[in-house]
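Asker: Model the full assembly from the supplied sequences, consistent with the hints where possible.
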Amino acid sequence: MRCEDRCQVCGTPRSDVVYVLAPVGQVNTLVEMYGGAVCSLRCARLTAAVCPHYTDTIGSPIAIHAVPRHERVDLVGCDLANDDEYDIADLGPITVVAAARRL
Numbered sequence: 001m002r003c004e005d006r007c008q009v010c011g012t013p014r015s016d017v018v019y020v021l022a023p024v025g026q027v028n029t030l031v032e033m034y035g036g037a038v039c040s041l042r043c044a045r046l047t048a049a050v051c052p053h054y055t056d057t058i059g060s061p062i063a064i065h066a067v068p069r070h071e072r073v074d075l076v077g078c079d080l081a082n083d084d085e086y087d088i089a090d091l092g093p094i095t096v097v098a099a100a101r102r103l
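Mapping the sequence shown onto the working numbering, position 72 (from 1) lands on 72, and the numbers just tick up by one.
Treat the hints as calculated values from the structure; they're not laboratory data. Don't take each hint at face value.
What follows is a set of in silico ranges between Cβ atoms, one per label pair, in the way DEER data are often shown [said to hold, decoys possible]:
{"#": "1", "residue 1": "94", "residue 2": "28", "range": "27 to 35 Å"}
{"#": "2", "residue 1": "30", "residue 2": "61", "range": "18 to 26 Å"}
{"#": "3", "residue 1": "25", "residue 2": "4", "range": "29 to 37 Å"}
Just so it is clear, the structure is predicted and the values come from calculations on it, not from any experiment. All residues carry an ideal CB built from backbone N, CA and C; glycine is no exception.
Answerer: Here it is in structure tokens:
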């Protein structure tokens, strides 16, 4: 994972709007993106399709939210500010994708 402010999927520098993923109906509104939020809807869809964190949530569609980018945090305690944490309360998803099944 990178410390720089780049997309964890494609490595493109992230813009002022980034994309976070959460299972539809998630109980809490805090979304944690280890490795950081992604740069585009395309990267968000790819993440939902291949990341085990999302493919293991069989039967739960994945909501993709566009949020304003902010400073990264360290969620895993390794002294690297390369993760993101966003509150999606009162935000509707821009799209919902069906959960992929692991092969």
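Asker: Each hint should be assessed against the structure and marked as holding or not.
Answerer: Here is how each hint holds up against the structure:
no., hint, in the structure
1, 94 - 28: 27 to 35 Å, "violated (20 Å)"
2, 30 - 61: 18 to 26 Å, "holds (19 Å)"
3, 25 - 4: 29 to 37 Å, "holds (33 Å)"
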